[in-house]
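Undergrad: Residue numbers for the sequence shown follow our numbering, beginning at 1 and rising by one.
Just so you know, these hints were derived from the structure itself, not from any lab.
No farther apart than 20 angstroms at their CA atoms in a straight line, the calculated lysine to aspartate or glutamate pairs in the EDC-like style are these:
id	residue 1	residue 2
1	LYS45	ASP111
2	LYS96	GLU38
3	LYS101	GLU28
4	LYS6	GLU102
Label-pair distances were calculated between CB atoms; the ranges are:
id	residue 1	residue 2	range
5	LYS45	LYS122	19 to 29 angstroms
6	SER13	LYS101	33 to 43 angstroms
7	GLY99	LYS60	31 to 41 angstroms
8	ALA32	GLU82	29 to 39 angstroms
9	LYS122	SER97	33 to 43 angstroms
Virtual Cβ for every residue (Gly too), placed ideally from N, Cα, C.
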Amino acid sequence: MVKELKFREYFTSLGSLVLAGRNSKNNEEIVAQTEPEEIVLHTVKPGSPFVNIKDKKPTKQDILDAAIFCAKHSKDWRDNKEDVEVHIFKAKEIFKSKGMKEGTFGVKKFDVLKVKKFDIKKL
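Let's have the full structure, built from the sequences with the hints guiding it.
TA: Following this line, the structure appears as structure tokens:
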């Protein structure tokens, strides 16, 4: 019997490990295991995995690769098949307020990267 991995795992083109949630419970676990300075990604629109780059100093290429991976596994991509905007932030910027649903978080400070349809299709 093959055991399913707890998280989605992906390696960037430069070899950095990327972890992504499979569902809202998994997203809670992803956020809980992040270090404050690690990079986390999530689509601007709801319905994507939280994606964590497990590298203290990821390169721009690592971040782009992780953003493409995040976009590929998003509801936005599944429903629209167009460019997808992804928030990029440090784990220390994430907060959870009382009453937020499982797998839902707020982010204090973030950058936005538009992932092109062409790049998502290549993954």
